[in-house]
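**Student:** For reference, the chains in residue letters:
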Amino acid sequence: MIELRDVSKSFTLHNQGGAVIEVMRGASLKVAPGECVALTGESGAGKSTLMRMIWGNYLAASGSIMVGTTDVARAEPREVLALRRETLGYVSQFLRVVPRVPTREVVAEPLLALGRSSDEALGRAEALLERLNIPRTLWGLSPTTFSGGEQQRVNIARGFAHAFPALLLDEPTASLDATNREVVLALIEEAKARGAAIVGIFHDEEARGRVCDRVVDVTRFTPARAA
Amino acid sequence: MTPLLSVQGIRKTYGFRIGCTDVGFDLYPGEVMGIVGESGSGKSTLLSCLAGHLTPDQGSVVFDTRAEGPRDTVTMSEPERRMLGRTDWAFVHQNPRDGLRMSVSAGGNVGERLMAVGARHYGQIRETATDWLGRVEITEDRIDDRPRAFSGGMQQRLQIARNLVSGPRLVFMDEPTGGLDVSVQARLLDLLRGLVREMGLSALIVTHDLAVVRLLAHRLMVMKSGRVVETGLTDQVLDDPQHPYTQLLVSSVLQV
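For the record, the sequence lines run as chains A and B. If you're matching positions, the first sequence starts at 0 in numbering that gives the first Met the number 0 and goes up one per residue. If you're matching positions, the second sequence starts at 0 in numbering that gives the first Met the number 0 and goes up one per residue.
Bound conformation, chain B alone (with noise of 0.2 Å):
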């Protein structure tokens, strides 16, 4: 099997200091991996930088595209990368005003997704949006609303539904669950664990949650300052850590 994506030797520098380096993995369809790591483990640079955020110094992203098979993102140009964002990718940012458009209704901020791929008959367009806002559980009624009258939790949701209702194949998500309350974040988790196996989504979670990656993510992998000190399963990285800092990680979290 074709990895979806195969990242090799990524290496992001601000200056003198490391954002990330030596990075690299395969991910294969249908996988969802986290990447865990304190503040300022680089996580958020390596997912912005596989995702086309940021233009790495060195290495590769490898995506099997479905026109042209595995392509290089890194140095595709500009537009093509744009493409895949719309398509092919989608970005769940942490703050869901990163991802939605505050002034435009929710209806429209998933509408618009479909009207970059082409989608130009409005009924259509609209009915499709309404069927994502419900699969995300946000009711008809709030389809005309703008998103600045939802709850962060809604909010939220409705940037997933925004991001994948042109059927992604790989979702990029930066603290998905941060910042929501516990009852919203078992919500969204079910509801992406769902998605994840109905569409065969691919996933790179970024968090700092580590009860969120063992629900969500099938592997793991571990970041400190820049690099990456752990990779495997992970109920076998949680349950049996084998890097000192990992250990670290691990047994710092409180029981519930």
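This is chain A alone, in the form it adopts within the complex (with noise of 0.2 Å):
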């Protein structure tokens, strides 16, 4: 479902006086549907960068990232844009949203971009919030407020609304609670079992050995240390 073969990263730093910094070479990974791959290496080493790559918010410098049957390295906006809406999801660690649209809003907003009706989709996020234990009292306010672990809670509701056949996730136990931590590791094997290709980080090691099959260690694509 996802395959990276060969895939390079730089940055240029223009106003730095144009340094060029090598950050990956020679990536390759291969996640089939119903798997999920956990991506290691020490703070730096290039796992956010390579899931970045991954979502389309890098630019790879070379090789290919094929999503379903997108590469994501040489596709064009409007084709990523539909991959995001309809193939690949992200649970970030951080939450964007527009102020003022209510929690229940931001979590139907994936379904209702794909067309769904505003039942269903309402319907879905309701059933998320409740299962994240967001409490019914904080739905129809904006998640700009809520705390760190309630907003984390609510993008992976939001995350999880659309049945995405590949998901990256970073983080996604991290700031969470035993109880919530138990629903979201649950969600992660039932997106599992529905055939979904997961790539992940995660440094709760605990997490990790349940739903990960695979560890790989974006160090051996770091160039400084291969050199």
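None of these hints come from the bench; they were simulated from the model. We put the CB at the ideal spot given by N, CA and C, even for glycine. Be careful, since some hints might not be right.
[Unchecked claim] So the derived list for chain A, only partly shown, Cβ under 7 Å to chain B, looks like this:
#, residue
1, His13
2, Asn14
3, Asn56
4, Tyr57
5, Leu58
6, Pro76
7, Arg77
8, Val79
9, Leu80
10, Val97
11, Pro98
12, Arg99
13, Val100
Using the hints, build the complex out of the two chains.
**Tutor:** Quick look at the structure:
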């Protein structure tokens, strides 16, 4: 479902003397439907960079990044947008929303974007919020004022609203208490059971051990260390 | 899929000075594209050329019309272009006073667009106007007030209602949230996003506010000195800018 071949990435900092920083070389990765792969490596090794290249907000310098039938490294913006709408979901560490929009609608939005009826989308959103223990009284409020853990859970609910065939998870269990962590792990297991291909970053080793089938250490794609 | 708007080689000069040059892109139905750049980078000139307010020196602006398919709006006759401006196109000015009739009531401002496309039944016009004022959160009891009696944010929302009432397919916006306080800005963003999704609108938004484009635009075009220096997905351009100018622009934003 997700396949990276020989992907490299460098940053050119034009405003800092044109410094070129090569951050990744020869990255290859294959994730089958129903499989969950954890990216590991120390801070700065390039876990998030790799994930962002799959999401498409970082441009790959070379190589191919296939998600389904789309090569993210070469696709037109509207192809990537269609991919994000239908195929590829992303649970980032931070919630980014239009202020003032109620939580219920924030979570339902991925479904509304797919043209589902508002009843269906809101129903699914409410079921997820309920499951993730977001108090019902908060559903009508904007999540911008919520606590870190609550925002994280809203983000997860939003990421799981549509049954994406491919998912990127950036620290999905960070800043969650034991009960909610359990809910998130169950959601991940259900996604795997329905055949989703998942790439994740988990600092929580126990969670990683439970939901991930394989571990890929991105350090081996880091040029400075390989040299 | 046919692009809704296909722009090629647009150039506009003011004497020896370049307004904008070599601009080309395709905009598809349902897409929102942001045009960013500093003051004087040519983004407003470009928008005026695209919307038919200025005649470009070179280039074509092909719009997929409902009746006749793709037509070059630069070479079409003035009445035809004006007809487009009243029906399929809408233009939201930075200053609401440029887009509203200040001496006509709020309801009249909205109703006028409807009458321009043939509506004549007073009751229906008033009903539609009330409905649209409601959508932009202007209460019914203000329908007979003139825009002069409105706050800046209300005027801007009224301008949006006036523009969208005739069900356009393409909206040009020049700094739609400029000069509004942040709470009104957020309300407006939410409104615009909902309308884009529900009506399948396409939009071109000129702004220098990167936070606005991140939330509203699917794609981004960065301009400097009249030229396009970078294009791409909004989050890609903002998170991994390639051109020196874009890097400078993104790194100059204060973090909130």
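**Student:** Look at each hint and say if it fits the structure.
**Tutor:** These are the hints, each one checked on the structure:
At a threshold of 7 Å, the smallest CB-CB gap from A/His13 to chain B is about 3 Å, leaving the interface hint in force. For the restraint placing A/Asn14 at the interface with chain B, the shortest Cβ-Cβ distance is roughly 5 Å, inside the 7 Å limit, so the hint holds. Proximity of A/Asn56 to chain B holds as hinted, the smallest CB-CB distance being about 4 Å (cut-off 7 Å). Evaluation of the A/Tyr57 hint against chain B yields a held restraint, the C-beta minimum of about 5 Å falling below 7 Å.
Against a cut-off of 7 Å between C-beta atoms, the interface hint on A/Leu58 holds, since the closest Cβ of chain B lies about 5 Å away. Using the Cβ-Cβ criterion of 7 Å, the hint placing A/Pro76 at the interface with chain B is satisfied: the shortest such distance is roughly 5 Å. Taking 7 Å as the C-beta contact cut-off toward chain B, the hint placing A/Arg77 at the interface holds, the least distance being around 6 Å. Annotation: interface hint on A/Val79 holds; nearest CB of chain B at approximately 6 Å, less than 7 Å.
With its C-beta approaching chain B no nearer than about 6 Å, A/Leu80 sits inside the 7 Å limit, and its interface hint holds. The beta carbon of A/Val97 is positioned within 7 Å of a beta carbon in chain B (closest approach about 5 Å), and the interface hint is therefore held. Proximity of A/Pro98 to chain B holds as hinted, the smallest CB-CB distance being about 4 Å (cut-off 7 Å). With 7 Å as the threshold, the beta carbon of A/Arg99 comes within range of chain B, its nearest partner Cβ sitting at about 5 Å, so the hint holds.
Taking 7 Å as the C-beta contact cut-off toward chain B, the hint placing A/Val100 at the interface holds, the least distance being around 5 Å.
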